[in-house]
Amino acid sequence: MSLSIFQNMGLNAMNKVMSNKLHIALYIAPALLLVSVLVFIPLILSGYYGLMDWDGIGAKTFIGLENYITGIQDSKFWDSALHSFLLAVFSTLSLAIYLAVSIILASKIKGADLLRKIYLIPMLLSSVAIAQLWIKVYNPSSGILNTFLRSIGIEEPPNWLADPTIVLFAIFIPILWQYAGFYILIYYAALKNIPESLIEAARIDGATPFQIATRIKLPLIKEVVSVTIVLAIVGSLKYFDLIYVMTAGGPNGASEVMASYMYKLAFNSYNFGYGSAIGFLLLIITMIVTVIVRKLTATKERIEY
Amino acid sequence: MNRIGYFFLYLALIVVAMFQILPLIWLFIFSLKDNREIFAGSPFALPSEFRWENYVKVWDGGIGVYFFNSVWITVVAIILTVLFASMATFAITRMKWKLSGLVLGLFMIGLMIPIHSALIPLYSMFMGVGMIDNPWSIVLTYTAYNLPITMMILLGFYYTLPKEVEEAAIIDGCSIHRMFFRIILPMTTPVMATTVVINMIYNWNEFVFVNTFISSEKYKTLTVGIQNFIGQYMTDWGAIGATLIISVLPIIIAFIFFSNKVVEGISSSAVKG
Numbered sequence: 004m005s006l007s008i009f010q011n012m013g014l015n016a017m018n019k020v021m022s023n024k025l026h027i028a029l030y031i032a033p034a035l036l037l038v039s040v041l042v043f044i045p046l047i048l049s050g051y052y053g054l055m056d057w058d059g060i061g062a063k064t065f066i067g068l069e070n071y072i073t074g075i076q077d078s079k080f081w082d083s084a085l086h087s088f089l090l091a092v093f094s095t096l097s098l099a100i101y102l103a104v105s106i107i108l109a110s111k112i113k114g115a116d117l118l119r120k121i122y123l124i125p126m127l128l129s130s131v132a133i134a135q136l137w138i139k140v141y142n143p144s145s146g147i148l149n150t151f152l153r154s155i156g157i158e159e160p161p162n163w164l165a166d167p168t169i170v171l172f173a174i175f176i177p178i179l180w181q182y183a184g185f186y187i188l189i190y191y192a193a194l195k196n197i198p199e200s201l202i203e204a205a206r207i208d209g210a211t212p213f214q215i216a217t218r219i220k221l222p223l224i225k226e227v228v229s230v231t232i233v234l235a236i237v238g239s240l241k242y243f244d245l246i247y248v249m250t251a252g253g254p255n256g257a258s259e260v261m262a263s264y265m266y267k268l269a270f271n272s273y274n275f276g277y278g279s280a281i282g283f284l285l286l287i288i289t290m291i292v293t294v295i296v297r298k299l300t301a302t303k304e305r306i307e308y
Numbered sequence: 002m003n004r005i006g007y008f009f010l011y012l013a014l015i016v017v018a019m020f021q022i023l024p025l026i027w028l029f030i031f032s033l034k035d036n037r038e039i040f041a042g043s044p045f046a047l048p049s050e051f052r053w054e055n056y057v058k059v060w061d062g063g064i065g066v067y068f069f070n071s072v073w074i075t076v077v078a079i080i081l082t083v084l085f086a087s088m089a090t091f092a093i094t095r096m097k098w099k100l101s102g103l104v105l106g107l108f109m110i111g112l113m114i115p116i117h118s119a120l121i122p123l124y125s126m127f128m129g130v131g132m133i134d135n136p137w138s139i140v141l142t143y144t145a146y147n148l149p150i151t152m153m154i155l156l157g158f159y160y161t162l163p164k165e166v167e168e169a170a171i172i173d174g175c176s177i178h179r180m181f182f183r184i185i186l187p188m189t190t191p192v193m194a195t196t197v198v199i200n201m202i203y204n205w206n207e208f209v210f211v212n213t214f215i216s217s218e219k220y221k222t223l224t225v226g227i228q229n230f231i232g233q234y235m236t237d238w239g240a241i242g243a244t245l246i247i248s249v250l251p252i253i254i255a256f257i258f259f260s261n262k263v264v265e266g267i268s269s270s271a272v273k274g
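Protein chains in written order, with my numbering: chain A, 4 to 308; chain B, 2 to 274.
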């Protein structure tokens, strides 16, 4: 009896403290203020600045939707969007490789933990360092790639980053290298979550390892796979650092992506109004693609086991 | 599975490991060579003499300043981010108020947005308040942009904290601040460690904000600094290699000591998204 009164007193006191408006405001304010001022307000401003003719220093002149109309008719913008889209396709396809490696890694391999940590190392490095390293790898005369190709008898290996027909592919290889460990880590964790009993049961029923992988493991981690598809596609639409450092969008725009095109408009040509409009289009495109890909990959039923 | 099957599986895994690690080994080897040896010799041959002077040369040539800036900016932004994210997560998960769900949703939207869309307005805002070419613009931006991911990692842990702890503290007459800083925060040490490691990787490697907001050499961090620096030393491969190794070394060392935290942070920052 006395105990329950005591508990009630405690609950009342606690409710009072934990629903005190001043306390709540105090604890939420720093984070909310920073995110509102430095993330959300700039995003909205970007749409607004897109309506201006503005060089970033002088006065802004309202010109309505002119920048957006120019953007929609700008073939350079759509070329850069196409390159972003191609990177998204490459990235999504490469998930199959990561998935295959993860399935092998999760099948009772000794040293799996060490291997997946080795795979993860490139993911920890800055895109600038990765870009500089791969500029060296691709160096036409002394890079390891062409040195290797010449050693196996290819007399004139390509000049990877200077050839507009292959530059985008050449840029994709370091991206593959950078993110391999990340996706393998996610798939590996999901595969390890599958109860051993399910796989054992299938084995007793005479399923081959390949059947176990494709008929049991894959369907069970469908949800994780769809999350990674969203990550790969949305991530690709935002690529910037690596490309900006490796090729600056060149040669002749052959590796320009949406973010690098926007960046150059603003900070190289001082076309802040038009740059903002392209930045806002980038935001809209990313949002639309995210929603579409989520819808397409959504699994109908949550898997329970 | 039979032995031959396992042999091929291992072979495949080791080929992938080689692909991941060989470019870095090559980088380390050529950071200790001079150009003559790099251009003439075999790429993976050990240097005839280890030229550590490449490292001394680039460190004294300006990398030291960038390194110091990266350290302090990374550390200050981590402290602010983890503190503010912990406070906000505490308010959202443990306190009782109507708008908590909505505010949480707002933070989570912050996970999806492309930062480049906000770059021009951010630049003009900092310009307006005289904070362009001021390292605090970088610290605040890192804090703001890392809050959502940090909160996402913290959330799960805060939800599982037992109510009894708070109850007991309040019955004992503890103020809310004392309870948060003396009881709750210490209890979340394991998950805070994960967020610290993740924030360290993000801040240390960030490029575009520094490249846009900072123009003085004395404020540049490593990512932007090495960009210019490599321009200067365009033809000296040993110097470039040493610069890159210096820039990635702190992260690699952190990974060696805290690899489980890194793995935990990276997987929890992705899967729940």
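Certain hints may be false.
If the Cβ cut is set under 8 angstroms, some of the chain B residues that face chain A in the computed set are [what the hints assert, rightly or not]: (1) Leu-28; (2) Ile-121; (3) Ser-125; (4) Gly-129; (5) Ser-248; (6) Lys-262.
No lab work stands behind these hints: they were computed from the structure. Because the structure is a prediction, the values reported are computed rather than measured. Ideal Cβ placement from N, Cα and C applies to all residues, glycine included.
Checked hints:
1. Here the hint on Leu-28 (chain B) is kept, as its CB sits about 6 angstroms from the closest CB of chain A, short of 8 angstroms.
2. Interface hint status for Ile-121 (chain B): upheld, as the beta-carbon distance to the closest one in chain A is roughly 5 angstroms, under 8 angstroms.
3. Proximity of Ser-125 (chain B) to chain A holds as hinted, the smallest CB-CB distance being about 7 angstroms (cut-off 8 angstroms).
4. The closest approach between the C-beta of Gly-129 (chain B) and any C-beta of chain A is roughly 11 angstroms, which is over the 8 angstroms cut-off, so the hint fails.
5. The restraint placing Ser-248 (chain B) at the interface with chain A holds, with a minimum CB-CB distance near 5 angstroms, inside the 8 angstroms limit.
6. Taking 8 angstroms as the C-beta contact cut-off toward chain A, the hint placing Lys-262 (chain B) at the interface is violated, the least distance being around 12 angstroms.
Taken one by one, the earlier hints fail for this structure at numbers 4, 6, listed in ascending order.
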